[in-house]
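Participant: Sequence:
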Amino acid sequence: MYSNIEIGRIVISTYNIIIIIGFIISIFSYTWLVYKHEDKVTFFKSLAIYTIAYILLIGTWSKLFYILEHIDTGKTQGKNFLGTVIFGTLVFFLLQKVLIKSKDRDMNNNIHFRAWFLSLAIQQIFNRLACFFEGCCFGIKSDSIFAVIFPNKSAIRDLYGGEVKVLPIQMFEVISLVAILCILFFIFRKKQAPVISIGLILYGICRFLIEFLRAEDRGYLYFNFLSLSQLACLLLIIAGLSDIIVRSYILNKNKTLKI
111 MYSNIEIGRI
121 VISTYNIIII
131 IGFIISIFSY
141 TWLVYKHEDK
151 VTFFKSLAIY
161 TIAYILLIGT
171 WSKLFYILEH
181 IDTGKTQGKN
191 FLGTVIFGTL
201 VFFLLQKVLI
211 KSKDRDMNNN
221 IHFRAWFLSL
231 AIQQIFNRLA
241 CFFEGCCFGI
251 KSDSIFAVIF
261 PNKSAIRDLY
271 GGEVKVLPIQ
281 MFEVISLVAI
291 LCILFFIFRK
301 KQAPVISIGL
311 ILYGICRFLI
321 EFLRAEDRGY
331 LYFNFLSLSQ
341 LACLLLIIAG
351 LSDIIVRSYI
361 LNKNKTLKI
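Under our numbering, think of the first position of the sequence shown as 111, with each following residue one higher.
Hints may be right or wrong, so weigh each one.
[As the list claims (entries may be wrong)] Label-pair distances were calculated between CB atoms; the ranges are:
id	residue 1	residue 2	range
1	S123	Q302	38 to 48 Å
2	E273	S358	45 to 55 Å
3	Y270	R357	30 to 40 Å
[Claimed, not checked] List of simulated lysine to aspartate or glutamate pairs, DMTMM-like, C-alpha gap at most 20 Å:
id	residue 1	residue 2
4	K300	D353
5	K251	E321
6	K300	E148
Just so you know, these hints were derived from the structure itself, not from any lab. Quick caveat, the model's predicted, so the values are computed rather than measured. Heads up, the beta-carbon is just placed ideally off N, CA and C, and yes, glycines get one too.
Take the sequences, apply the hints, and build the full model.
Facilitator: Here's what the structure looks like:
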């Protein structure tokens, strides 16, 4: 939409500015959620892990995921932040397990993992806002009231032969993420609530459906139908559902044993 901010002769990338703002806010949110629950040494160690996991992975795994997504065409100039969500969580989990000993082994009960997931969701909101201003990851052609025109966007001109109205699916994901965050923050204070599992399910469903509205190259389609992002979303949904089912089974079993 507005990919650059011009101040005199200085040209600043709107995309990069929004990404940086999102990272700063996610750091503050992680700090706010974790600080009062841990001693200072553990907190700063955890914050360092969060920062390292995110900075390294946003440049590495999001790039790798994009390459895997476009393995049929060999495209390498791009990022898919879903790679950060998946691989970032795995690396954060491993670093936390190795460097910080926590009494809560369950990811859903561990304050560090709960805070990581919520902060990552906040960052993803800004990632999508950045995509909206950049005009990338756009949706299909539409004449609906929700459609917008991205000026001077060559990818849209190449696809449709001119500047046309397309669905701003970046904003659809922003709205869905805000709704998911509201739900997760509502249940966050309940220690036994499966915050991460519910988040995985809700985000997986929303992202899976939104991908069908995407017009920009979705990469290689498996079964001529599903993109790699959608397959990853299915795994997120299955992981979330599996955890909730197992937790319910164990909880019911423990209740039976007590009786």
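Participant: Is K300 within 20 Å of E148, Cα to Cα?
Facilitator: holds, 18 Å
Participant: Can you tell me whether the CB distance of Y270 to R357 sits inside 30 to 40 Å?
Facilitator: violated, 47 Å
Participant: Mind checking the alpha carbons of K251 and E321 for me, to see if they're no more than 20 Å apart?
Facilitator: holds, 14 Å
Participant: May I ask you to test the hint 45 to 55 Å on the CB atoms belonging to E273 and S358?
Facilitator: holds, 51 Å
Participant: Quick check on a hinted range of 38 to 48 Å for S123 and Q302, using CB atoms only.
Facilitator: holds, 44 Å
Participant: Taking 20 Å as the top limit, are the C-alpha atoms of K300 and D353 close enough?
Facilitator: Cα-Cα ~17 Å, so holds.
Going down the numbered hints, you'll see the structure goes against just number 3.
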